Amino acid sequence: MKMGSKVENGGKDEDGEGLGWGSSLPVPSVQEMVRNDSKTIPERYIQKHEERPLDSQMCQVSFEIPIINFSLLANGDEEERGKLDFACKEWGFFQIIDHGVADEVLTKMKAAVEAFFALPLVEKQKYAMAANDLQGYGQGYVVSDQQKLDWNDLMFLMTLPNKYRNFKYWPTTIPGFKEAVEQYSEQIQKLTCEIFANLSILMGMERNGLEELHGEMKQGMRLNYYPTCFKPELVLGVSPHSDASSITLLLQDDDITALQIKHDGGWVPVKPIPNAIVVNMGDAMEGWSNGMYKSIEHRAVTNAMKPRISVATFVIPAEEAEIGPLEPVLQNSCSPKMYKNVKYVDYLRYTLGGKMDGKSSLQLLKLESE
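Numbering follows the UniProt record's numbering, with no gaps: position 68 of the sequence shown is 68.
Quick caveat, the hints were computed from the structure, so don't treat them as lab data.
These figures come from a predicted structure and were not determined experimentally.
Don't take every hint at face value.
What the hints assert, rightly or not - Derived Cβ-Cβ restraints for the label pairs, each shown as a range:
1) Glu114 x Val27: 14 to 24 Å
2) Ser333 x Asn208: 43 to 53 Å
3) Glu50 x Glu211: 23 to 33 Å
4) Leu367 x Asn332: 37 to 47 Å
What the hints assert, rightly or not - Once the Cα atoms are required to be at most 30 Å apart in a straight line, the calculated DSSO-like pairs of lysine-lysine come out as:
5) Lys340 x Lys83
6) Lys218 x Lys178
7) Lys190 x Lys39
8) Lys337 x Lys163
9) Lys39 x Lys148
10) Lys355 x Lys262
11) Lys340 x Lys48
12) Lys89 x Lys126
13) Lys190 x Lys48
14) Lys343 x Lys294
15) Lys218 x Lys343
16) Lys190 x Lys231
17) Lys83 x Lys366
18) Lys89 x Lys271
19) Lys89 x Lys306
20) Lys148 x Lys108
21) Lys178 x Lys148
22) Lys163 x Lys39
23) Lys148 x Lys163
24) Lys39 x Lys83
25) Lys306 x Lys340
26) Lys218 x Lys89
27) Lys110 x Lys355
28) Lys48 x Lys271
29) Lys48 x Lys343
30) Lys89 x Lys231
31) Lys163 x Lys126
32) Lys178 x Lys39
33) Lys340 x Lys108
34) Lys218 x Lys48
35) Lys218 x Lys83
Every residue gets a Cβ at the ideal spot worked out from N, C-alpha and C, and that includes glycine.
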């Protein structure tokens, strides 16, 4: 797919092609709508009654998702690796603490996101998504003029490898933006490699097993802004979905609980731990693990008091990588094969071709008998 203009200082290749994974229709800025009229919610944002974030949907038991001490994990602690295995099997989500990413790096990354969304709309629109690409400022997964919309604005950037960075989408008027993203990206990549090393061992492979399966591993960042909503019970910041990535690492505001995950049939709020990073399994990992590590449906709610930001970093396998149950997993579990072998780019295009709809995309991976 051709982007509107030639990529400068990076991008897919010399003739300026975009990612080629899909596109999203342009919609109005929610941030701007709230700024102009905070007491009106357009009909397209009011969720159907069964989709609204109702208290009755919350888990009746008080749950807290597992916490992994990254320092112990990186030092080969068997007990901590066992906790990781439990977290991935039973929850698909966990928070990592003592991860070694400096507070300053996290603070600068959050400040960069805040600075971008503080720009005037006319300035942000200079970085708007092209009509046939997913990078840039806008909204994701908008595929029709009829679907309900999420109460957020976003900026999506490819961050690794360096050659995939398209700097026409990186704001140049914000001092330190590029440096903040690069520093954070580098630190997240280190965490990713260590998590993969431990998961590889748990899945019966050598430490570099998952990294090799990814091929040319990519990293993409979704910078999210959730404006306040005077009736937050009518809208969703992000609709229920699972991630098409192998894993996702989330940096979120420390003082606002908005992320919720599906567990035991109800929604569990993920209370932020200051400077922790939330990690979740993606659909690719579910396929590779033959369902041992499941990707989990999650959503974000809004509030009436304070806007919220977050940074979701997606770890993305190479387009030609194959997603399907790994032989060591099948041998160790003695389970029948429950997922097909699918080329990753085909799965990615399939998921990006529709709206967010729980785990419906996984049907492409599952065998008929499942």
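Tell me, in ascending order, the numbers of any earlier hints that this structure violates. 2, 3, 4, 7, 8, 11, 12, 13, 16, 19, 20, 21, 22, 23, 24, 25, 29, 30, 32, 33 and 34
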